[in-house]
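Visitor: Here's the letter readout for the chains.
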Amino acid sequence: MSSTQPLLEVKNLQKHFPVSRGFWGKKAGTVRAVDSVSLSINSGKTLGLVGESGCGKTTAGRTLLRLIEPTGGEVLYRGTNILKASPAELRNYRRKLQIVFQDPYSSLNPRITVGGMLKEILQFHKIVPVKQISDRINELLGIVGLAPEYAHRYPHEFSGGQRQRIGIVRALAVEPEFLVLDEPVSALDVSIQAQILNLLKDLQKRLSLSYLFISHALSVVDHIADETAVMYLGRVVESGETSRVVSEPLHPYTKALIAAVPRPDPSMRQIREPLAGDVPNSMNPPSGCHFHPRCPQARPECSTWIYNLKEMPDGRKVACNLY
Amino acid sequence: MNQIADQTTPKQDYSSTSLFKKRLKKFKSVKRGWYSFWIILTAYFLSFFCPMLMNNKALVVSYNGDWYFPVFKYYPSTTFGQTEYGEAVYRDLAKKFDASGDGNWLIMPPYPFGPYESLTDSRSHPPNPPSWQHWFGTDDRGRDVFVRLFYGLRISLTFAIIATTVAYVIGISIGAMLGYFSGKVDLFGQRLIEIWASIPFLYTIMILSSIIRPNFYMLVFFISVFGWMGMTYFVRGEFYREKAKDYVHAAVSMGATDRKIVFKHILPNALTPVIAFGPFHIVGDISALVSLDYLGFGLPPPTPSWGELVGQGVANIFSWWLVLFPFGALFITLILVVFIGEAIREAFDPRVYSRLR
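Residue numbers (the numbering used here), protein chains in the order written: chain A, 1 to 323; chain B, 1 to 357.
Since the hints were derived computationally from the structure, they do not count as laboratory data. Since the structure is predicted, the reported quantities are computational estimates derived from the model, not experimental observations. In this text, a Cβ means the ideal position worked out from N, Cα and C, and glycines have one as well. Just to be clear, a hint being listed does not mean it is correct.
As the list claims (entries may be wrong) - Derived CB-CB ranges, DEER-like: (1) A:152 / B:105: 17 to 27 Å; (2) A:18 / B:241: 21 to 31 Å; (3) A:159 / B:268: 18 to 28 Å; (4) B:29 / A:159: 33 to 43 Å; (5) B:188 / A:142: 30 to 40 Å; (6) A:148 / B:42: 13 to 23 Å; (7) A:139 / B:188: 41 to 51 Å; (8) B:165 / A:43: 51 to 61 Å.
The shape of chain A in the complex, shown without the other chains (with noise of 0.2 Å):
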């Protein structure tokens, strides 16, 4: 295996919903919620998805894992494509790639113990020996800064972050190399977002970890993810190193995103100008470059440019007619 090879790498990925109405479900259109995404995630690094809600990139990291089956498309780990993966083969490559959701308080059962769900795991996957179950369970929960005692406990007796560490916990204990972070601290106290935060990037190095990150907030990713990719209506416009993405960002829709991060110094304040309108109907999106018609620097070929990820001499990708 090459070094240079990326752990996974998602080629053109796409996922398209048919909308059918009416009793003979006639098809009344497509919701292409994921239409043309393309990543790739080295191993030991973070990549950020961010964008607005709806834009596509919870159903992008649930394609990614075929929680969902996408329409179209590549995801290669280490080089194989799990996409045409068999049931048995599939079942090896969820030991590899795991999610850790957004909610926590649906993505728990409230009917097994944490120990229970993390017993019935380790013994699906034969991780540990039989004997052995009890234990690794214990260490489990010491990893993500749970007390053993927690184990015996159900999800309801539990905090929104001590929760979230048990759907951490969960995905680790398959010993995966490559966990989907769906919005994982969106909805938490920022106070203990923080917490989540530095939890994940203390297992990362910890357990030489892959992340996709997820999220609709810039200023998180800017704090955990090493590249970055920016979606917009299903579509990925911009990526690059994290650094370079946020401090001069080229796509006019990540400069909106950076300009409205909210700035808590007060000398840095700028002059905004919001984004006119809202996200189109991603059944009926605008035709050419999706954001032209909210664009800034929308100029008339816009309308007709046909989309592509254009590489620049910096080495970052962008999808706009200016580049």
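Assemble the complex: chain A is given as a structure, and chain B must be docked to it using the hints.
Guide: The following block gives chain B in isolation, referenced to the frame of chain A:
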């Protein structure tokens, strides 16, 4: 290492309460339901010992040095030197033993009358009003109403519990299937259920009963195959809701099989409405059996059934004991079960103060 602030102090009570324990506690706290539960349970438990508590057969007979147990075994009357045709008449035998004083003895049940026994030896014409001997009087064939009510309780409750269980198993499985697989399975499945549900079940059972005389288990079968449709709507809806939750996705991402996801993850979370509805379903099944028996399409006579007694009450409206006691028993049983249902519903209610004032 980062500081972990929401780690609680190590010394504290780690005992945990499952949702079930919590709900049981809440169920107990609704006193009316809790007491109703115990009354019904006790009465139902006692009704299984009916043959030993109220029967015209002796519990033990000691006759010429031998021991006999007529409750469990049939003895012709000649065994004890009686001349009647058929089984021995133990109440007469008791009097005879007392009179002769030759060391033979027998123990009768506390209430020495049987459910099938016509007490026509009394001087008056049946139905006879309540007396010290027959607490609730006798019916128009001279059978003891109290005994028949108690035997009827066992039949009614057993019938309703079995029928509800069978209907639940069918309804929950089909509802779970519709909700989990959704799509076309759901669309066509639901239409079939709607067609099936539009068959008027009481009439269907009447027609079936007029062709074949149903026994207990056939009636259970009939009532349950016509009683499961309501469950599917609840379970289907719950499955739709639960399967969209992330814990199900988490199970999928762990590679769990469909069967495991349905039975281990979703089903326990989808049962709340059907469990809360259970007692009311039982009430419905008791009433269904009563109406069938009342109309004469139910259990074959001379089964001691409540519907048959209610029918007698209506036919002999001036024999007040035939009206009051069967209706009273039915009323009390139904209301107790409804109280249980109410308490269960309360126990499953996530809000603490949910009464509308």
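Visitor: Next step is simple, just say for each hint if it's right about the structure.
Guide: Hints, verified against the model:
Between residue 152 of chain A and residue 105 of chain B the C-beta distance comes to about 60 Å, which lies outside the given range of 17 to 27 Å. The beta-carbon spacing between residue 18 of chain A and residue 241 of chain B, approximately 23 Å, falls within the hinted interval of 21 to 31 Å. As the Cβ distance of residue 159 of chain A to residue 268 of chain B is approximately 23 Å, the hint placing it in 18 to 28 Å holds. Between residue 29 of chain B and residue 159 of chain A the beta carbon distance is about 26 Å. The supplied range of 33 to 43 Å is therefore violated.
For the pair residue 188 of chain B and residue 142 of chain A, the supplied restraint of 30 to 40 Å is violated, since their beta-carbon distance comes to about 51 Å. In this structure the hint that residue 148 of chain A and residue 42 of chain B lie 13 to 23 Å apart at CB is violated, the actual value being about 44 Å. At about 50 Å, the beta-carbon gap between residue 139 of chain A and residue 188 of chain B stays in the expected band of 41 to 51 Å. At about 55 Å, the CB distance of residue 165 of chain B to residue 43 of chain A agrees with the hint of 51 to 61 Å.
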